Amino acid sequence: MTKSIGNAINRIGIPTFAVGLLLLVLLITAGVQGQSIPTLITDILNRVGMNGLLVLAMVPAIKSGTGPNFALPVGIEGGLMALMICMQFDFSGWFLIFSSLALCIVLCTILGWLYGKLMNAVKGAEMTIATYSGFSIVAFFNIFWLAIPFSNRKMGWMLGNGLRETIQFKNFGASRIISDLLKVEIAGVGIPFGMMLVFALFCFLVWFFFQSKTGMAIYAGGQNPRFAEASGLNIDRNRVIANIISTILAGIGIIIYSQGYGYAQLYNGPLNMAFPAVAAVLVGGATASKASIPNVLIGVCLFQGLMTTAMPVMNQLFTGTDLSDIMRIIIQNGVILYALTKVKSGGDR
Amino acid sequence: MNNWIAKVTGQPSFDLKTWILDHIVTILFWAFIILGLLTAQNLTMDGFFTELCNRFYRNIFLILSLIIPVVAGLGLNFGIVVGAIAGQLAVIAVRYWGIAANEQHFGGLTGFIMMIIISLPIAVLIGWLTGTLYNKTKGQEMIASLIVGYFGNGVYQFIVLFVIGAVIPVAMAHPMILYDGVGIRMSVDMGSVTYSLDDLFEIPFVPFMIGAAAVILLFLLWNQFIRKPKADGRTTKLNVIAFTVYALLSAAVMVYFIIQLVTGSVLNRVRDVPVILILVVVLLAVFIQWIMNTKLGQDFRSCGMNQAIAEANGINVNRTRVIATIISTVLAAWGMVIYLQNMGTLNTYTAHNNVGYFSVAAILVGGASVDKATIGQSITGCLLFHAMFILSPEIGKAVFGQAALGEYFRTFMVYGVIGLSLGLYVWRANKRAQLKMPGEGESEELKDQRLIAG
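In order, the protein sequences belong to chains A and B. Here the first sequence is numbered in our numbering, starting from 1 and rising by one per residue. Here the second sequence is numbered in our numbering, starting from 1 and rising by one per residue.
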């Protein structure tokens, strides 16, 4: 009996099982505490939609063999840059969203190409270098936000040069524009159908891409580089393509995230955004070398569900201390560490 | 030119391009610092040196804690953050008792020594845990050590914000405890422990520099003319040109500071040198050198060269790596205690966060890499890195008219330095591996490594 339970847990994966169990306990506690469950579910759905694409960005990178994209800020900064340029021209509403998405794809293709080249140069230590590429680009853009002469008064400080720390979407008529699209309330639960459709569309696109010849080749190269090389696949090129896609997804992801949040967070906002996304896909059952769309869906629901539920429950249990954030730090990094112990080492070093 | 440099450095062949690539980070920093010193307007010489010395005394111990894991092949241990956390836990405990006793007990140097003692078992335990983890994440130690730092931060926050007070009983009215009796406040005053090590014995800056230069000069002379060759026949003598350069340099420093002393220049206003702290650092350096020559040190090096061969030579690789991590963690804990006695306050929730990045960036600026780090590199790195830190707001102001820009710039330098050095290292290692045809050339290297390992 215990053995079969153990087997079941192993098949689901320890992180998935543990986080799922914790979420269940928290939801029950929330019910006992008399928290409004429909409100909680509304919040969870909303946050799943906001974070979904950032987590989805992990899939191409992992499949290509470069490991989880710890350099998510590269794409995020590309997306923010596109957003800022479009805001500078005072675009608003849907036009702002679509123009910034288009520009984002262009910018992120360039950034992703450079980043992919870098990843090919540092094979074997991708995750470490990726993390520092992410940090470096955030620091670089900090200088950039301050030094580039954006002139739209809605974006600048009251005094002096440079952009504000957070830029309101409200001023551009685009706050929660996708989040509130086709939002239907059923039994007190607000279901953001528009947001879910967007997320589903991108999931489908990524899935579809990996059914294509290039997609299959990327996957093959990630699973067994030597074998793929021997069968004449250009692995380096494929890795670059995968990282371009990952970077674009991160860029689009931050635009969707920011509109849902109502603010674009500049400066050090994106600095640590990669880690929750990496943790989420791992919670969904992915490893550093294997990931799929279901992993993303399960992971983002469990992880964001846990984060959303933890805050009100913990606050009621232990008033005054922000234990939910501490729990996030411990779970997020614990999950990543667990995944790292499962990485097969590529050599001596 | 190239021949001349080859003679000084003692390397048989010298290639300027390779040399620049090898030292790119150090060169960039020198250029930046010179630019800073030229452009800074509101900076006095004595102010600059006081700040630089202060930062040096504070950080050098932490930076030295990175050396042993590098030698043992673990790479740059960003996980010294958890070591710093161990130090902070000890600091919190001792300060709690110290304040409760109105500084009558556990204050001053006694408090400092208590912190050192209490942090030891905590750091050993944490070091053992992280070392075990690094053994399970072989090949990915650096990213693992980074995440260990974050993870440790979470656990630490849980302890100081919740466990203290909710599980460990504390006095509710104690000034270190938050209003509701659970958790430690944002900052902890070091009270009488502040400067307890620094203040023990101090010498003015200029005479100290004269003395230090004299000691180095005497050492050089002794090493060159009196010291006998080592038992295994290896000589420690420098070649003639290198010796002349070093000797003239230290003599010049000595003369320069004598002139400063006589003319009574602004440099005489630089902060006094805490001699005991310097002695502690020298002791640590001697300890590191000594351990490298013991059997354990040989094992560290063998593991760093090639784990498979080390294992084949009967070395317990995993155990050796755990020991290296424990030493590093303990040194980081002590380094943090020394740092805090100099700072005067502990920012409970943030003090440890940047310890890993800053220390690693500093040692890399000194010219260290993933598989090579020395005491000399730590010292030059510490000085260069912190000079950059002091100067970058000045440069931001002078060049761009905004001090904030300088501050962002220095964050960029921290991450950029780490990314650039690590990237270049891996890139070069990969290129070497590609150049070597499988089976060819490899055997010779293996033979070398076997010799070293055996």
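Just so you know, not all the hints are guaranteed correct.
[Unchecked claim] Quick partial rundown of chain A residues pointing at chain B, CB under 8 Å, derived from the structure:
{"no.": "1", "residue": "Ile105"}
{"no.": "2", "residue": "Ala125"}
{"no.": "3", "residue": "Asn142"}
[What the hints assert, rightly or not] If the Cβ cut is set under 7 Å, some of the chain B residues that face chain A in the computed set are:
{"no.": "4", "residue": "Ile315"}
{"no.": "5", "residue": "Arg319"}
{"no.": "6", "residue": "Phe412"}
Bear in mind the hints are in silico, worked out from the structure with no lab data behind them. Quick caveat, the model's predicted, so the values are computed rather than measured. C-beta: ideal position from N, C-alpha, C; glycine also.
The hints, checked one at a time:
1. Ile105: violated (26 Å)
2. Ala125: Holds, about 4 Å.
3. Asn142: holds (4 Å)
4. Ile315: Interface hint status for Ile315/B: violated (14 Å vs cutoff 7 Å).
5. Arg319: violated (17 Å)
6. Phe412: holds (4 Å)
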